[in-house]
Amino acid sequence: MSETDDTLTVIVVDDESPARLLVREYLAVHGDMRLVAECANGFEAVKAANTHKPDLLILDVQMPKLDGFEVLELLGSEARAVIFTTAFDSYALRAFNVHAVDYLLKPYSAERFAEALALARARLRKAEPVPARELLETRRDGAPLDRLLIRDRSNVHVIPIDDVDYVESQDDYISIRAGGKSYLKEQAISDLEQQLSPKAFVRIHRRFLLNLSRLAKIELSEKETRIAILLDRTQLPISRSGYVKLRAILDN
Amino acid sequence: MHPIFTNGKQLGLYIFGYLPIGAVLVIGFGHADTWGTATAFFLPLTVLYGFLGMTAYFVCRAFPINQHNLIWRALPALAMAALTAGAFSVGIAWAWAAVLESLTLNVHPKMYLEQPWTLFAVGVLLFGLSIAFHYALIASLEAQRSESQMLESKLLVRDAELKALRAQLNPHFLFNSLNSVSALTASDPAGARHMCLLLADFLRDTLRLGAAQRITVREEFIVLQRYLAIEQVRLGSRLSVDCTGSDQALHETIPALLLQPLVENAVVHGIAHRLEGGTVSIRAEIHDSALVMSIANPADADRPRGQGNGFGLNLVRQRLQAYYGASYVFAASEADGLYRTEIHVPLAAGDLSA
Numbered sequence: 008m009s010e011t012d013d014t015l016t017v018i019v020v021d022d023e024s025p026a027r028l029l030v031r032e033y034l035a036v037h038g039d040m041r042l043v044a045e046c047a048n049g050f051e052a053v054k055a056a057n058t059h060k061p062d063l064l065i066l067d068v069q070m071p072k073l074d075g076f077e078v079l080e081l082l083g084s085e086a087r088a089v090i091f092t093t094a095f096d097s098y099a100l101r102a103f104n105v106h107a108v109d110y111l112l113k114p115y116s117a118e119r120f121a122e123a124l125a126l127a128r129a130r131l132r133k134a135e136p137v138p139a140r141e142l143l144e145t146r147r148d149g150a151p152l153d154r155l156l157i158r159d160r161s162n163v164h165v166i167p168i169d170d171v172d173y174v175e176s177q178d179d180y181i182s183i184r185a186g187g188k189s190y191l192k193e194q195a196i197s198d199l200e201q202q203l204s205p206k207a208f209v210r211i212h213r214r215f216l217l218n219l220s221r222l223a224k225i226e227l228s229e230k231e232t233r234i235a236i237l238l239d240r241t242q243l244p245i246s247r248s249g250y251v252k253l254r255a256i257l258d259n
Numbered sequence: 142m143h144p145i146f147t148n149g150k151q152l153g154l155y156i157f158g159y160l161p162i163g164a165v166l167v168i169g170f171g172h173a174d175t176w177g178t179a180t181a182f183f184l185p186l187t188v189l190y191g192f193l194g195m196t197a198y199f200v201c202r203a204f205p206i207n208q209h210n211l212i213w214r215a216l217p218a219l220a221m222a223a224l225t226a227g228a229f230s231v232g233i234a235w236a237w238a239a240v241l242e243s244l245t246l247n248v249h250p251k252m253y254l255e256q257p258w259t260l261f262a263v264g265v266l267l268f269g270l271s272i273a274f275h276y277a278l279i280a281s282l283e284a285q286r287s288e289s290q291m292l293e294s295k296l297l298v299r300d301a302e303l304k305a306l307r308a309q310l311n312p313h314f315l316f317n318s319l320n321s322v323s324a325l326t327a328s329d330p331a332g333a334r335h336m337c338l339l340l341a342d343f344l345r346d347t348l349r350l351g352a353a354q355r356i357t358v359r360e361e362f363i364v365l366q367r368y369l370a371i372e373q374v375r376l377g378s379r380l381s382v383d384c385t386g387s388d389q390a391l392h393e394t395i396p397a398l399l400l401q402p403l404v405e406n407a408v409v410h411g412i413a414h415r416l417e418g419g420t421v422s423i424r425a426e427i428h429d430s431a432l433v434m435s436i437a438n439p440a441d442a443d444r445p446r447g448q449g450n451g452f453g454l455n456l457v458r459q460r461l462q463a464y465y466g467a468s469y470v471f472a473a474s475e476a477d478g479l480y481r482t483e484i485h486v487p488l489a490a491g492d493l494s495a
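Chains as they are written, first to last, in our numbering: chain A, 8 to 259; chain B, 142 to 495.
Hints listed in this document are in silico derivations from the structure and should not be mistaken for laboratory results. Bear in mind that the values here come from a model prediction, so they are computed numbers and not experimental data. Don't be surprised by glycine CBs; every beta carbon is placed ideally from N, CA and C. Among the hints, a few may not be true.
If you want the footprint, here are the derived chain B segments under chain A, 3+ residues with CB under 8 Å [said to hold, decoys possible]:
1. 315-326
2. 363-377
Just the calculated beta-carbon pair ranges, DEER-fashion [to be verified]:
3. A117/A with P312/B: 21 to 29 Å
4. N104/A with S328/B: 29 to 37 Å
5. R458/B with L238/A: 34 to 42 Å
6. K54/A with S328/B: 23 to 31 Å
7. R458/B with D169/A: 27 to 35 Å
8. D258/A with P161/B: 24 to 32 Å
9. K54/A with G451/B: 33 to 41 Å
10. W213/B with N104/A: 27 to 35 Å
11. C384/B with S220/A: 36 to 44 Å
12. T420/B with R214/A: 44 to 52 Å
13. H428/B with L238/A: 39 to 47 Å
14. T232/A with F452/B: 46 to 54 Å
15. A207/A with F452/B: 25 to 33 Å
16. L257/A with A442/B: 27 to 35 Å
Full structure from sequences and hints, please.
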């Protein structure tokens, strides 16, 4: 949300203060850009994005706790335009996949920075949203997720995947049960299923994705349907096809 | 050329192996009153067959047997070769008999030539045995060669890794540092110059030490502190350093830059992943006549484990192995949010007085 039609708000996220200093300096000559927040990590970035609803994010990739791609995933479609800055050229393909406006290799010149800003202006004029679903799919780079990121307004929860008991689908949301708490996330359960290790998480039911290590036993109920009893005595239904998948893994 | 000719002993053994076959032929063909003739005829003849059998090597090479070429695909060619060899062996027998008859030794092997088909069959059979022998020979030569190739490549890999360690410079470290210099140029020119000097000193150290085999722990600490000073410009107050050693330990010598990958891990995989940062502690002491060095840093339990620090740990372990053989201890542990690596190496002889 820009203040006037031609002023764009910018947030810079980098854990190194000299790097933020450089962006501030380079931005100063661009009258249509206004730096509204400088963040030293991903958590601050999510908070600042929530407050300022920036037009443009200038994001470092390697940062503590949350990397640049994770910040982008958490912001979803709120990230309207993103420029990555990093010393690593190996992230270029991923940056391209998440529709980054540009990818600046440190150290970069004021001219190169200006080019990136020009691309960002063009992108923002077209107002193409970043497809949130693709963000999710490219973050993991083929490997199963090792943690889940959940955004609750301006707070971010990082849940190690081993802490998750099970996931329940609720319309457009999933409810993630972990450590005695439930977390809501806007995601389809089938998308999450694809991102997790099929040996650790099994879709036992259309609505349930179970962490196998939480399974205590399987009971047969009266109506020929099966019920998964978890270590904490939670009961989850098992569908016919879910039972086939479960058996295939348990028998191995 | 046939590989058996490369080694006189092998050639002798190969020919010697034909003598029992010759003995069998002598017994098979000889009678009470013709032992002398049979021996004079068949024993040298089998040796000649032995040389004829060597041609099987080239047949086997031309029709190798492996997963792609099964034996029946080679069979027609092998059969042709054996039949030809059989015909040759009859010819050789005939020629040898003629030689023996012409010498006045009172041996008359001509009678054996009256059974040419038997001689032919013997020739075919012996050539068949020779084919089997040569396939086995080729297989064992291949196995030997691949084993020596494997050893050679292992050595090369180790060599390359040591070189990589010498060249140390992590390009990302360099690029990030240059970015800091670029950033400080306008706002803090003195800071930018300081950073340039730190970088130059560190680069000079790593290049210079590439040539030196061993340096004192004190010298190693100076290099590490330069590296950490550069990282402190980038990470600011998040990184603090505590580097101390006992006098005796500082005088000990170690392979140059041995600790550098561990300190780099402590920063890159430790401090850099913590919002609040922390202290990298480096220690060197003498314990029970061993030099004990340790590096410790607070570690975030939730840090991504993807790329990990295994590369640096492996490098250090390989170098310790190369320098100290089995007489070192290298341990990495993580407890209560503290990641710690520890190295024990024997004291260098003669340094105790220092």
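Hints and how they fare:
1. With 9 residues having a beta carbon nearer than 8 Å to a beta carbon of chain A, the region 315-326 of chain B meets the requirement of three or more and the stated coverage holds.
2. By the rule of at least three residues with a Cβ nearer than 8 Å to a Cβ of chain A, the coverage given for the region 363-377 of chain B holds, with 4 such residues.
3. Here the CB-CB span from A117/A to P312/B is close to 23 Å, well matched to the stated 21 to 29 Å.
4. Restraint check, N104/A to S328/B: a C-beta distance of roughly 35 Å satisfies the suggested window 29 to 37 Å.
5. For R458/B and L238/A, the Cβ-Cβ distance of about 39 Å falls inside the hinted range of 34 to 42 Å, so the restraint holds.
6. Against the hinted window of 23 to 31 Å, the Cβ-Cβ separation of K54/A and S328/B comes to about 26 Å, which satisfies the hint.
7. A hinted range of 27 to 35 Å for the beta carbons of R458/B and D169/A is consistent with their spacing of about 28 Å.
8. As the Cβ distance of D258/A to P161/B is approximately 58 Å, the hint placing it in 24 to 32 Å is violated.
9. Under the hint 33 to 41 Å, the C-beta atoms of K54/A and G451/B, about 34 Å apart, fit the expected range.
10. Between W213/B and N104/A the Cβ separation comes to about 52 Å, which falls outside the hinted range of 27 to 35 Å.
11. Between C384/B and S220/A the CB atoms are about 43 Å apart, so this pair conforms to the stated range of 36 to 44 Å.
12. For T420/B paired with R214/A, a C-beta distance near 48 Å keeps the hint of 44 to 52 Å intact.
13. Between H428/B and L238/A, the C-beta spacing of about 45 Å keeps the proposed range 39 to 47 Å intact.
14. Separated by about 51 Å at the C-beta atoms, T232/A and F452/B satisfy the suggested range of 46 to 54 Å.
15. One distance hint, 25 to 33 Å for the beta-carbon pair A207/A and F452/B, holds here, with the actual separation near 26 Å.
16. Remark: the range hint 27 to 35 Å for L257/A to A442/B is upheld by a beta-carbon distance near 30 Å.
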